[in-house]
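Throw the hints in and build the complete structure from the sequences for me.
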Amino acid sequence: MTNRRDFLSYAGLAPAAAAGVATAAPSRSAEAGTLRRSTFAPLVGEMFMFQQSAFASVGLRLDEVAAVGRGASRASSEKAFALRFAAPPGGLAQDSYRVTHPSLGSFVLFVAPVDPEGRTLEAVFNLS
Numbered sequence: 425m426t427n428r429r430d431f432l433s434y435a436g437l438a439p440a441a442a443a444g445v446a447t448a449a450p451s452r453s454a455e456a457g458t459l460r461r462s463t464f465a466p467l468v469g470e471m472f473m474f475q476q477s478a479f480a481s482v483g484l485r486l487d488e489v490a491a492v493g494r495g496a497s498r499a500s501s502e503k504a505f506a507l508r509f510a511a512p513p514g515g516l517a518q519d520s521y522r523v524t525h526p527s528l529g530s531f532v533l534f535v536a537p538v539d540p541e542g543r544t545l546e547a548v549f550n551l552s
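Numbers 425 to 552, taken from my numbering, label the letters of the sequence shown in order.
For the record, the hints were derived by calculation from the structure and aren't laboratory data. Treat the hints with care, as some may be off.
Derived pair list, reagent style SDA-like, types lysine to any residue, alpha-carbon separation capped at 25 Å [to be verified]:
id, residue 1, residue 2
1, 503, 532
2, 503, 525
3, 503, 462
4, 503, 530
5, 503, 463
6, 503, 541
7, 503, 461
8, 503, 546
9, 503, 537
10, 503, 466
11, 503, 470
12, 503, 479
Written as structure tokens, this is what we have:
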């Protein structure tokens, strides 16, 4: 691997490889550097599939694309933002997941619950 982007691309496959499970390479992978706030804004309300294991995935709805930061740059930032997903009953553990969406392909996201019940998960992007 030659850079951080390559590492992040392959990091999502490491748990399956360590378990000895054969996985097919995704047909399309989104590059971390190409994911911007405006990429996700039109997808609010759509489902994203989070791969929990080699054999199980769960769909989460994107509820919000929120600004992150301070001042005037906060409102217009394409590179600093947060995604908030509605979690299934019982929540989803804080972890990194391979996520797929029909128009974006697959990519790895680290998400964490932001409420006590674990019903809202958040992924924060700071690409600046």
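Outcome of the hint check:
no., hint, result
1, 503 x 532, "holds (17 Å)"
2, 503 x 525, "holds (20 Å)"
3, 503 x 462, "holds (9 Å)"
4, 503 x 530, "holds (19 Å)"
5, 503 x 463, "holds (11 Å)"
6, 503 x 541, "violated (29 Å)"
7, 503 x 461, "holds (7 Å)"
8, 503 x 546, "holds (16 Å)"
9, 503 x 537, "holds (22 Å)"
10, 503 x 466, "holds (16 Å)"
11, 503 x 470, "holds (21 Å)"
12, 503 x 479, "violated (33 Å)"
Of the hints listed earlier, those the structure fails to meet are numbers 6, 12, in rising order.
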